[in-house]
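Protein chains in written order, with my numbering: chain A, 1 to 279; chain B, 1 to 328.
Don't read these hints as lab results, they were simulated from the structure. Note that the structure is predicted; figures quoted are calculated from it, not measured. Built from N, CA and C at the ideal position, the CB exists for glycine as well. Each hint should be verified, as a subset may be incorrect.
What the hints assert, rightly or not - Cβ-to-Cβ under 7 Å is the rule here; a few derived chain A residues that face chain B:
1. 33
2. 36
3. 37
4. 84
5. 86
6. 148
7. 242
The lines below spell out each chain.
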Amino acid sequence: MQIGSRCDNIHVNYNFGVGMKIIVCVKQVLDTAAQIQIDNGSIVSPGSSRIINPYDEFAIEEAVCIKEKKPDTEITLLSLGPEGFKDSIKKALAMGADKAVHLMDDKFDGLDSYALARVLGRSIDKIPYDLILCGRQAVDVDSAQTGPALATFLGIPFVTVVTGIDFSDNFKSAKITRQVEGGSEVCVLPLPLLLTCQKGLNEPRLPSLKGIMAAKKKEVLTFSASDLDIDTLDMGDNRVIEENLWLPPERKEGIILQGTGDEISGELVRLLREEHKII
Amino acid sequence: MSVDCVLGVVIEHYHGETKPVSLEVLSAARKLADQISGKVIALCLCQSANLEANLFIQHGADKVLFLTHPDLQHYIHENYAFALLRLLEKSSFDYLLLPATNNGKELSAVLSAQLGVGVATDCIALSVNKEGYVEAVRPVSSGKAHSMVRFSGKKPHILSLRPNIFRSPPFSRQGETIEEKAHLPELSQRVQDLVIQVGSQLDITEARIVVSGGLGMQGPENFKLLEDLAEVLGGAVGASRPVVDNRWRDYSNQVGQTGRTVSPDLYFACGISGAVQHLAGMSSSGCIVAINSDPNAAIFSVADYGIVGDVIQVLPSLTREFKKILAL
């Protein structure tokens with residue numbers, strides 16, 4: 001069977017213990033309110049803050065909600081990025097995650113989603129799990145590939161763009177609602193499972209003062225490329241190469257329609273029909 | 001004509017209806033194929049060959065391949081991936097194109113991971129470079145920037161295309177249709193329990209006209225005014241993030257960087273101030289009309305036409321005028 005043939009670690013580290021073990025993948029991104037510029041082929045935004053990828057916040061919140069229902073749950077954050085990512089890791093710990101694994105190495109710079117999923121998959125060799133939660137996409141790269149690629153490498157079922165998770169009483173399976181264009185799909189799947197989380201799943205909490213204090217004592221393990229032995233890993237070797245990055249042309253300022261209400265409406269309808277031929 | 005290049009297009013369908021975006025992807029593949037002596041094959045995974053093969057040919061397919069199996073009635077990524085991987089073992093494809101829908105994006109990820117090939121998600125422009133290879137432009141940071149990418153390494157190179165960008169009319173042409181039985185593994189538990197609820201509601205990413213409301217709508221009850229206008233125009237109703245956060249509208253209606261990115265022919269921003277996240281999600285629209293009581297609202301800087309006024313007053317008058325001209 002072809003499917004699963006590229007899996008590195010099928011059936012090696014599912015948890016199946018008493019407590020549920022959840023891994024939440026977290027990426028740090030530029031604040032969505034930031035105005036951006038292009039400098040030397042990269043996006044820059046001087047002075048703008050960095051935030052947890054908004055979709056990853058739904059994943060963190062969901063894990064914390066599960067832990068509230070099932071207190072023997074352990075939540076491990078998994079994040080790949082430079083030193084600055086520690087800010088988001090701390091915030092996610094303050095929201096209620098138990099510990100974090102931070103993958104940090106210059107060799108991880110500029111990985112595409114395939115390579116990123118490979119490295120995340122390798123690190124998960126070291127972490128037992130029943131459930132992996134990701135955001136439905138990172139709002140910087142906007143590829144929506146890493147989560148499903150990771151599940152494929154791990155050889156576990158996945159559901160993307162999830163807006164509802166309803167566990168069975170024993171937490172061994174879950175009824176999952178997934179968003180599709182113009183509707184939704186519902187299916188029931190046994191754990192282990194990877195889900196990519198979409199807005200609508202929950203409302204992420206702000207860290208409490210108590211949470212922020214507690215986060216300071218929580219464990220953050222750091223792994224480098226050599227810790228993960230990535231030289232032995234098929235990283236795909238840059239299969240998609242960015243040739244150019246630019247800001248889209250600004251829309252030219254249009255016209256403000258003048259007149260009485262009905263005159264304006266009539267003129268707009270005429271313009272859309274005669275000039276733009278849309279109506 | 002000698003064929004140098006084979007482009008496969010994965011057709012998306014629900015309840016026996018082809019998604020319009022699939023026809024767009026076929027048209028886009030056709031345009032590429034014409035530049036590189038390519039052949040376009042529509043890959044239609046379904047229960048039985050009951051979709052309109054002719055429509056696929058008219059939009060650019062040279063060949064329509066129906067891969068049929070009872071379990072291919074609905075899209076399930078495990079089954080689709082399995083059937084496509086089997087196909088790719090025996091036939092070689094240079095490019096594989098899919099719609100950048102939720103289904104298309106996850107399927108591209110599975111195929112890319114299984115095959116070790118590159119994927120460009122959500123492309124908005126395609127071209128062929130001097131060497132005869134396909135290049136793609138894709139938005140990043142929800143369209144705040146555009147990125148041009150090319151592929152290297154193993155084939156097929158995978159591209160998913162954003163809906164509403166590549167529309168092209170059908171034209172009369174010839175093609176062949178083939179049906180093959182697909183082989184799939186045993187039914188998974190997921191297959192048995194899958195319930196698909198896709199209604200008749202037009203999705204905002206697929207609508208030609210989107211009528212969006214912001215906090216200036218003053219309350220959820222006033223969205224009826226937007227629904228009326230959308231109905232007259234055959235469009236869909238969108239919303240800004242604060243509206244969704246206030247629970248006035250469902251999150252699936254949210255336009256912007258943490259919502260959906262839309263590129264309709266016509267976008268109405270009603271009572272929307274124009275936060276940078278919202279602009280990122282809609283500024284690739286064809287024509288933008290903004291209605292806002294604040295003449296300094298940022299939304300006017302991207303609008304083709306602006307109306308300064310109270311949306312609650314303006315909308316009924318607009319709807320009336322559209323009704324008149326459309327003779328409804």
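Numbers of unmet hints, in rising order: 3, 4, 5
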